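Protein chains in written order, with this note's numbering: chain A, 1260 to 1661; chain B, 1260 to 1661.
Some hints here could point you the wrong way.
In this list, chains with the same sequence are indistinguishable; a pair is considered to hold if it fits within one copy or across any two.
Stated by the list, open to error - In silico lysine to aspartate or glutamate, EDC-like type, Cα no more than 20 Å apart, as pairs: (1) Lys1657 <-> Glu1310; (2) Lys1661 <-> Glu1310; (3) Lys1599 <-> Glu1345; (4) Lys1583 <-> Glu1606.
Since the hints were made in silico from the structure, they are not lab data. Fair warning: this is a prediction, and the values are worked out from it, not measured in the lab.
Protein chains: 2
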Amino acid sequence: MPAKGNMLIGQSGGPTVVINQSLVGAVLQAKLSKDIGGIYGALHGMKGILEEDFIDMRKESATTLEAVANTPASALGSARKKPSDEECAKVFGILTKYNIRYYFYIGGNDSAEATHIINENAKKVGYDLRCYHIPKTIDNDLRENDHTPGFGSAAKFVACASMGDNLDSRALPGVKINVIMGRHAGFLTAASALARVYPDDGPHLIYLPERPFITEKFIADVERVYAKYGRCVIAVSEGIADENGTAIAAKFSKEVDSHGNVQLSGTGALGDLLATEIKNRTKITRVRADTFGYLQRSFPGLVSAVDAKEARTVGMLAVKEALKGKEPSGSIAIRRKPGKKYAVYFERVPLASVSKETRHVPDEFITKEANDVTSAFLAYAGPIVGPLPKIGRFKGVKVVKK
Amino acid sequence: MPAKGNMLIGQSGGPTVVINQSLVGAVLQAKLSKDIGGIYGALHGMKGILEEDFIDMRKESATTLEAVANTPASALGSARKKPSDEECAKVFGILTKYNIRYYFYIGGNDSAEATHIINENAKKVGYDLRCYHIPKTIDNDLRENDHTPGFGSAAKFVACASMGDNLDSRALPGVKINVIMGRHAGFLTAASALARVYPDDGPHLIYLPERPFITEKFIADVERVYAKYGRCVIAVSEGIADENGTAIAAKFSKEVDSHGNVQLSGTGALGDLLATEIKNRTKITRVRADTFGYLQRSFPGLVSAVDAKEARTVGMLAVKEALKGKEPSGSIAIRRKPGKKYAVYFERVPLASVSKETRHVPDEFITKEANDVTSAFLAYAGPIVGPLPKIGRFKGVKVVKK
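Construct the complete structure from the given sequences, taking the supplied hints into account.
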């Protein structure tokens, strides 16, 4: 028998373009159940929970819910907050006071960890709680998942941006460095490879945080590509680290959040450093760097249809699983069916299996030279991102010189 | 009687998303004329002309031409090159050798200047040449024009990016600085204001190069907005300059092109400098900066329909005017008809009237406080950009605290 009571849902971590699909999916599913009374949205995740700052999701019209579902970035507000022991105790006081028996938290591995902590504490104090994590991260680094909601749309942005930037570089050649989000996992940076249409298209070099970044090798790679094509477009993860595992960008940053993450985004320092290295060590004069920044996770209108649908589904399924009550807690994972045609299924997995540690780009997706991705990666990421803009190019028959 | 001969067309300066519409418009128009023989595309603008590096545009199929028209960034390749006197002499040798009587150059004010130089030299040496400039610039800073092809689509990118970034900032509040292209003209930065839907939406502060940037005032503005909304989204032109007219970003850059322009784009230095100022001078801790960079001018699929249509039209009209031969040279300007409904007409203007000097954001588009744009600007830019993604927001009825 499922517990009767109220439901609380929150959003946490970095926003995505489809995170509100999951929220709205969960709310709509909850509205179908007689076991769920109040449906409360916590404003700014854990912060809203601790401050009892809730909005009544039952007061939102179907039209508003659908409009929000199609709007980027956590509509309830987000937070990067790991609850302390003291805060956990406070949370249970609040859950009890509001008779909250259904708890949903949409986020990445840090959010899964926060959910796991709440769940473990619920068990410890014997509080009857259905506690589910709903996956979300543009980094695509949640364990147990083939891929995560938010990645497809962010990857689409990266692929489109890289496609345009490659054309820009063809028009005005030089070296172009694009710094792409991804702290420890290079999936999003790897997605830049989807931009290639013609054999000489960039990005010509792709560096992921899964392999040590050796400046000397990087310079040699750039010189080789530049000699071949007269230009070089480079995609590099913000999280690239040296042989000792120290993030190159971390050398410029002092900010650390409560999960122990150093701030890497929101600055152009890494791109500028790499551009300076190329200018200083080679004879190449036109060297530019862009940092794609927060646009990757919040650009409106640029949505992967597959991503939007799956984000909605994991929200709905988390509520369904919680209501079934076979397992009082868990996360919903996206698995891919084997075979050439893209198809997924969803499974409940334990909270501990997705919390804290992250997943990395597997070896078979990275070339031996550690400066590109393999065709296996393209086959993996293509269907998640969906169709990209069509690119035209002149045949370019040369006029005979006189 | 129009001259009979071959035609040469080139693209110059920074690419745009619709610059190939102008190219294809000109080529298709030329194909209709019996007076034009060969249609040659110069690769990389002036560089291709000097090196006689031409492709035969008659060998391109209708399908390819349309595919290229819808592809961002100069398909012929671009250059930033002002021809010297010696090079001008060389150009006439080449024009004569290939019997080129129709000369078209797509670009901004620097490209208009290069075209003007060629035209003046043609007159001087008595070479019969129809010489037209075709307008293009995301900066929207060509004189004589109500607006320029390329601006609408770049402005759409800036508006969408600012819209998403505002939502991101609502989710994870702090101060966010977005550095937007625009050396001397702030039109593109101003377009960020189109992102606003709700009264508290950012960008909350907009700084254009048309007004001196005073750091003390900037800090005071940021503190005031932050106190009101608990967050602050700022749009700032890469070209902002101090009271002496020195570009803030120029302090970090040593690169100058042959037109005397200092390189401002392709680095995150300005954003990082402003972020550091805020961190050092206020108590605000979460401060981030993004530089939209080259994505603004080359993002595929993000096109203003009005912009694409007008870009095609100016290419066609330049060829038509040249063929008419009433005026042997000129540029095609976009004028707006008075009235509430958006409508434009096109006019031939002398080359000298659009070359070299640029146009600025007029006073009536900038607020007295010099930190925002007026509703007159929104009325001006809205129809050029076209519809933007729909944004939803919760009504947000608070749950009564227990």
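Hint check results:
no. : hint                : in the structure
1   : Lys1657 <-> Glu1310 : between (70 Å within a copy, 12 Å between copies)
2   : Lys1661 <-> Glu1310 : between (79 Å within a copy, 11 Å between copies)
3   : Lys1599 <-> Glu1345 : neither (50 Å within a copy, 61 Å between copies)
4   : Lys1583 <-> Glu1606 : within (14 Å within a copy, 70 Å between copies)
Comparing the model with each numbered hint stated earlier shows that hint 3 is the single one that does not hold.
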